[in-house]
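Trainee: In order, the protein sequences belong to chains L and Y.
Numbering-wise, the first sequence is residues 8 to 98 according to our numbering.
Numbering-wise, the second sequence is residues 8 to 523 according to our numbering.
I should point out that these hints are in silico values taken from the structure, not numbers from a laboratory.
Computed from a prediction, not measured in an experiment: that's the story for all the values here.
Just so you know, even glycine gets a beta-carbon here, dropped at the ideal spot from N, CA and C.
Treat the hints with caution; some may be incorrect.
[To be verified] Which residues of chain L face chain Y? A partial, calculated answer using Cβ under 7 Å: (1) R14; (2) F27; (3) G28; (4) E32; (5) L33; (6) D36; (7) G43; (8) D46; (9) S47; (10) V50; (11) L70; (12) V71; (13) P72.
[What the hints assert, rightly or not] Under 7 Å between C-beta atoms, here's a sample of chain L residues computed to sit facing chain Y: (14) R29; (15) L40; (16) D67; (17) E68.
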Amino acid sequence: MTESRFRSDIRAYVVENFLFGRGDELRDDDSFLESGLIDSTGVLGLVGYLETTFAIAVADEDLVPANLDSVVRVCQFVERKLQEQAAQRAG
Amino acid sequence: MQVERFLEDSASQRPDKVALVCGGRRFTYAELDLAANRLAHGLITAGLRRGDRVAIYLENSVEAVLGLFATLKAGGVFMVINPTTKADKLSFILNNSRAAVLLTDARRRPEVMKVAGRTPHTGVVVLAGHPESGLALDGKSVLAFEDLIGPERDDSKPASRSIDIDLAALIYTSGSTGTPKGVMLTHVNIVAAATSITTYLENVESDVILDVLPLSFDYGLYQVLMAFKVGATLVLERSFTYPHAVLETIVAEGVTGLPIVPTISAVLLQLDLRRYDLSRVRYVTNTAAALPTSHIVELRRLLPHAKIYSMYGLTECKRVSYLPPDQIDIRPTSVGKGMPNEEVYVVDEQGTCLPSGVGELVIRGSNVMKGYWEMPDETDRVLKPGPLPGERVLYSGDLFRIDEEGYLYFLGRKDDIIKTRGEKVSPREVENALYELPGVAEAAVVGVPDPVLGQAVKAVLTLREGVAITERDVLLHCAERLENFMVPKVVEFREALPRTSSGKIDKKTLHEAVTG
């Protein structure tokens, strides 16, 4: 997999907000849920960050582990959202 | 009656009914009962004796559910330990309880490795999950969970080894000294509490109960016990982390019972709930901290057909009171009255019962614990002689106002214990962790009012000269030592802390300064 252009920003947010700045043990595919890093309030915080930083609109139904449960998944989710929005504008 | 009968009776009456939905898998009562029998035989073969403690250190999972029923079937005492517990506290609990067995999984390997060399009583580790993630621990016999419940194992019901006045569970809770205390609950205690609660919630076999709360928290644990008691279906989620996913599950499974805490309602009310068909939800329960009145109003609007129960509890007796749902619009800040088959009253400093006014809440009933595990002095402070010979009643340490009609209103603690999300946090325990951070000169931990958490944990620190420590350093340090709910929400640095005339840190003045 090629590295996402958003990886370092998203990783930095997660490390800063959920790991108190210490991210050396966080792998990009670690599940936030399974590692107990994040709770529902944290998820809403993450979503707020994604909406502001990447200018994407995140719907309630996007709040599922498939989209948000690791650094890799968040990167893919942002890419997909941006593509969808671009397609909508083009259409 | 013994608690394991909740599962056994439902399995004999409705073997093919779905008892548990967890992680996308469905288990019938018969499947669970047979698997619990196999695991119980496995524990007995591994040496578990009647009354031995079994520590269950797992996320919400079918393995945790099987672990607690198998322990009871084997005549043991289960202890569900918060899965975010760190090594020092884990080893304290294992040693204090002298747990014979630790049931865990590979995900908790780092903590388990750290405690392995200093928990001599715990000879057996049962490891759930994939066998390739196996673990070798010196001096311990490591057994694979999947192997113990394998189809070739004996699935007959083990001969009963306990009676109903035996211990069924130890639940560790924070004490004001900073040392966790094991709340001793007998089968009688648990059956009494589960019976009272399912009575006032009017739980029936057709209920589908959602559980997103950790089983280490008695509110989460009892959802399992109560669902199985009435033969209902339990939908067990690991957490409420991804609200949309949980809401989809609520709709798909037709959930009828929704136990929440205020942090959950805060998130629910940020979503557009009208998009989900929640018409099957028959009741919502709340405990831990009072629901803000604005949440109650919103929930009533979004779920007009659902009854909302505002409740109050203590690990030492499970539940204390509930507000009948028809009262929630009339007195939204009350936690109601004692539950069925239980007496609660408020006493003054002399122990005299008050018809109305402010005092300490006392609880009398079969649900009251037997005491704190091997801590007779701590026990005597809260369990005091009741009206009948040999009986003991529970002094809650909680200050309540009781109105003329007998409705209860929680005011605060008599001691300095912080109640956050319904979990007790000992300021001393957090302070002990803070003092381990090099550079910290003094640490004081207080609870500050929080609309959602009830109280939030706040740390006030002074630093040694020339030391530069940030809030983040403090939080990281705490997160490595304490369960998640104990980690301070706020850190404040000061030049000095207020002192009493004897030179001790003046918590009272500090508390007034940070809350006022």
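Trainee: It remains to establish, for every hint, whether it holds in the given structure.
Mentor: Hint check results:
1. R14: It is violated, given that the least Cβ distance between L:R14 and chain Y is near 21 Å, above 7 Å.
2. F27: Given a least distance of 4 Å, the restraint on L:F27 holds.
3. G28: With a closest approach of 5 Å, the L:G28 hint holds.
4. E32: With Cβ-Cβ at 10 Å, over 7 Å, it is violated.
5. L33: violated (13 Å)
6. D36: violated (15 Å)
7. G43: Check passed: Cβ of L:G43 comes within 5 Å of chain Y, closer than 7 Å.
8. D46: holds (6 Å)
9. S47: With a minimum Cβ separation of about 4 Å from chain Y (threshold 7 Å), the hint on L:S47 holds.
10. V50: holds (6 Å)
11. L70: holds (4 Å)
12. V71: holds (4 Å)
13. P72: holds (5 Å)
14. R29: holds (6 Å)
15. L40: holds (5 Å)
16. D67: L:D67 check passes; min Cβ-Cβ to chain Y is 5 Å, inside 7 Å.
17. E68: At about 5 Å, which falls below the 7 Å cut-off, the nearest Cβ of chain Y leaves the hint on L:E68 intact, so it holds.
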